[in-house]
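J.: If you read the protein sequences in the order shown, they are chains A and B.
Residue numbering for the first sequence follows our numbering, beginning at 1 and increasing consecutively.
Residue numbering for the second sequence follows our numbering, beginning at 1 and increasing consecutively.
Careful, some of the hints might be misleading.
[Said to hold, decoys possible] Cross-link-like lysine-lysine pairs, in silico, DSS-like; alpha carbons within 25 Å at most:
hint, chain 1, residue 1, chain 2, residue 2
1, A, 34, A, 74
2, A, 74, B, 134
3, A, 74, A, 2
4, B, 134, B, 2
5, B, 2, A, 34
6, B, 134, A, 83
7, A, 83, B, 104
8, A, 2, A, 83
9, B, 104, A, 2
10, A, 34, A, 83
11, A, 49, A, 34
12, A, 49, A, 74
13, A, 42, B, 88
14, A, 42, A, 74
15, B, 104, A, 49
16, A, 2, A, 42
17, A, 2, A, 49
18, B, 104, B, 88
19, A, 49, A, 83
20, B, 88, B, 134
Keep in mind the hints are simulated off the structure, nothing from the lab.
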Amino acid sequence: MKVTAQPSADALLLLLDGELDASSAVLLDTEFNKPDLLDYRKVLVDCAKLSYISSAGLGVFISHLQRLQDNNVKLVFFNMQEKVFNVFEILGLDSLMTIVPTQAEALAA
Amino acid sequence: MKDVLRIECSRRNLQQVRDFVRGFLSRRAVPELLINQVVLAVDEVVANFIIHANGEDERQFIDLEIVVSGRLLSIEIADQGDTIFIPKTHVSPDLPEYIRQGRKGGMGMALVNRLMDRVEFFTRDHHTVCHLSKELV
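Taking the hints into account, I'd like the entire structure generated from these sequences.
T.: Now the structure itself:
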């Protein structure tokens with residue numbers, strides 16, 4: 001699992017590459033724990049290369065969502081593969097998180 | 001047709017578990033979405049055994065056996081550690097509340113229960129065993 005952060009003026013783009021499980025979730029959690037995350041208006045998560053997610057990976061997003069919302073930082077997922085979206089859907093997380101098809105829609109969200 | 005795998009109790013071995021299940025199902029032309037669902041269910045149970053039952057003690061190990069008979073897929077996950085670990089599988093997580101609390105865990109077994117047709121935990125010779133099954137349709 002590789003996490004690449006690309007900051008811009010008001011958004012932080014996080015590119016996820018690989019499989020997000022109970023082992024690699026720690027890496028992503030470290031990224032979400034960085035204090036400067038709250039300086040952005042949006043955190044955009046590019047899931048194009050995210051090929052797998054387990055409950056530990058979902059747990060990272062769930063555990064930081066409220067803190068982001070409380071600080072007016074919007075968390076938006078895009079380019080999600082069908083099999084990864086299916087996992088969000090099975091738990092009903094697709095209705096609690098913002099998931100859009102493209103980066104353009106993520107920027108506009 | 002049957003395949004077996006033994007792993008030490010380290011979360012680093014979860015990738016090996018997923019590759020094992022994926023490989024078995026890919027050779028049987030199972031659709032990718034269904035493969036991912038079975039892989040996820042097995043990953044969740046094994047992660048629970050590694051982390052919660054064995055405290056990531058790499059001296060302990062877990063045995064997996066995967067069998068397909070007709071369209072029925074059966075998977076046995078046997079924890080060879082000494083702690084009996086029977087998780088609740090029918091608890092439905094209150095996700096808005098989890099978000100409010102900033103909670104990280106508590107969804108794995110709910111996922112397993114939704115992904116598989118049948119989920120059973122039981123003890124055998126003072127060890128915990130999990131049986132998962134699903135019709136591959």
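J.: Now tell me if each hint is right for this structure.
T.: Now the hints, each set against the structure:
1. 34(A) to 74(A): 16 Å, holds
2. 74(A) to 134(B): Violated, because 38 Å separates the two Cα atoms, which is more than 25 Å.
3. 74(A) to 2(A): With a Cα-Cα distance of about 22 Å, the restraint between residue 74(A) and residue 2(A) holds, given a limit of 25 Å.
4. 134(B) to 2(B): Answer holds: residue 134(B) to residue 2(B) is near 15 Å, not above 25 Å.
5. 2(B) to 34(A): Judged against 25 Å, a Cα distance of about 46 Å means the pair is violated.
6. 134(B) to 83(A): 18 Å, holds
7. 83(A) to 104(B): Holds - the C-alpha atoms of residue 104(B) and residue 83(A) are around 21 Å apart, at most 25 Å.
8. 2(A) to 83(A): This hinted pair holds, its Cα atoms lying about 19 Å apart.
9. 104(B) to 2(A): Since the Cα atoms of residue 104(B) and residue 2(A) sit roughly 20 Å apart, the hinted pair holds (cutoff 25 Å).
10. 34(A) to 83(A): 29 Å, violated
11. 49(A) to 34(A): This hinted pair holds, its Cα atoms lying about 23 Å apart.
12. 49(A) to 74(A): This hinted pair holds, its Cα atoms lying about 21 Å apart.
13. 42(A) to 88(B): Not OK: residue 42(A) and residue 88(B) at ~37 Å, beyond 25 Å, violated.
14. 42(A) to 74(A): Since the Cα atoms of residue 42(A) and residue 74(A) sit roughly 5 Å apart, the hinted pair holds (cutoff 25 Å).
15. 104(B) to 49(A): With a Cα-Cα distance of about 23 Å, the restraint between residue 104(B) and residue 49(A) holds, given a limit of 25 Å.
16. 2(A) to 42(A): 20 Å, holds
17. 2(A) to 49(A): 10 Å, holds
18. 104(B) to 88(B): Distance ~17 Å between residue 104(B) and residue 88(B) Cα, so the pair holds.
19. 49(A) to 83(A): 12 Å, holds
20. 88(B) to 134(B): 19 Å, holds
Violation of the numbered hints given earlier is confined to hints 2, 5, 10, 13; the remaining hints are satisfied by the structure.
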